[in-house]
Amino acid sequence: MGFRVLQGGLFSTIQDLGRYGYTDIGITNSGAMDEYAYRWSQKLLNNIEGNALEIMVGLRLEVMIATEIAVCGADLSFKINNISKGIWQTHQIKRGDILSFDKKISGERAYLAVKGGFKIEKRYNSYSTTLKEGLGFRVKRGDILEFESHLSVDKRRVQQRYIPIYPNSLTLRILLSYQYGYFKDEEKDKFFSSSYEITIASDRMGYRLKGEAILPKKGDIISEAIAFGSVQIPKDGQPIVLLKERQTIGGYPKIGTILSIDCFKLSQLPIGSKVIFREIGIEEAEKKMKDFYCEFYTL
Amino acid sequence: MVIKTISVDSVMLYMGDGISPEILDKVQTTYIVLKHIRGVIDITPSYNSILIRYDINIYDHKSIKKSILKSLNSISTHKTDKIEKRITVPTRYDETVALDLRRIAEINSLTIREVIRLHTEQTYRVYAIGFMVGFAYLATLDKKIITPRLETPRAKVPKGSVAIADNQTAIYPKDSAGGWNIIGYTEFDRFEEFSVGDIVEFVSI
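As they're listed, the protein sequences go chains A and B.
So that you can map any letter, position 213 of the first sequence is 213 in the working numbering, and since no number is skipped, the others follow by simple counting.
So that you can map any letter, position 82 of the second sequence is 82 in the working numbering, and since no number is skipped, the others follow by simple counting.
Here chain A stands alone, though its shape is the one from the complex:
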């Protein structure tokens, strides 16, 4: 008993915080693209080792058993029985209800969590979906997504000041690292003074950008591991920001890594949006990340 999928939508998968400890055999981390919204969906329900549906647009579900849910992230005009409902909050749903995410208003990815999580099997210690490795599945019409019934009387919502407004442009803070020495000063100047557009060839693996080409002195490196948020520069000079389902190893030069919290924000930006890059130092980056995690431990 759980949800019956009436319509799978553009791209809906189950995710958690990702799969760790297996990159040495080539298994990527995967996990929720926007950890900020995902973590809120779990926190609202007090899920300890939960998971959530990562929804782009177009998902429709029929409820088979009453329970408590939380919806956070993109505004995909969430409705219950065709009546608009708030997001960044919990809802009680009952048997026969129809949940829909029909239209993109702002942001790209919404997270629908159920109290206690969906009852699926962990693979390599995680619920996250990575289709290219055959781990998990793409949610489609007719699927049953099982969960247990949990009834609650209270409603919880995220306070307004913690609810992000998704912009149409973003500054990505980058720590220069890896092969940044391969880029001459004038190439780095171009990189920091240009704006780049998010192209349609962007997905959970990486966001491909288009703009002023920046060229390294040398095109190939000895293949090496790729950290979350790495900015890879292939020979056409167009940056690719590598995200949750990135390849574990690669041989194109990388100019640095985007601060993880900015990668989460990037995941909510639609195709055609503009980004610019700004350098950040390691101490400031550490402080920002610690503050981010702290928010979820102390609230």
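Keep in mind the hints are simulated off the structure, nothing from the lab.
Be aware that one or more of the hints could be misleading.
Claimed, not checked - Rough simulated footprint, nothing fancy, chain A against chain B, three-plus residues with beta-carbon under 8 angstroms: (1) 38-45; (2) 114-125; (3) 158-169; (4) 175-188.
For each residue, glycine too, the CB sits at the ideal point set by N, CA and C.
Keeping the supplied structure of chain A fixed, place chain B upon it in accordance with the hints.
Structure of chain B alone, referenced to chain A:
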């Protein structure tokens, strides 16, 4: 060895320049020591480097380096005599499936027949497993067929594509995006058998 800060929560150990069995041994012994130290979330070895992602609530960019050095100084390892497997990969070098075969020949001023001969007449060692599950990085190609990666990676390279990039060769174990030059195609499907150090040969069919 040098340790470099890579991201807010990862460092890279560079164990030497270039590709060689000696550097590979160093990488593998270091990897074994560091794999289980506290607070290491992911450890990803490659030809001459090891990326370590650590728990930012335990380490910062300075203390992780100290901790790594301390572990490496206090634990000694030696190479165990692992038996190297020999794996044969029957490959079709045929332009209908080898989309870049002609280009590889042209870039290197060779005939297609010479490219095939150079790719098949030597053996390769598995230097790393990564990119995706079952993707074994094999080196080193004959200098005469060294070919740079594509300028723009392909959105889809079919499963079973045998490909080369720079001085490496590999087989795509699944459909994937990728920037390597496709030199052939194989039905070989035992990707889980590859482990670092194994010897691989390609046979033209």
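*Broken hints, numbered, in rising order?*
Number 2 - this is the single hint that the structure violates.
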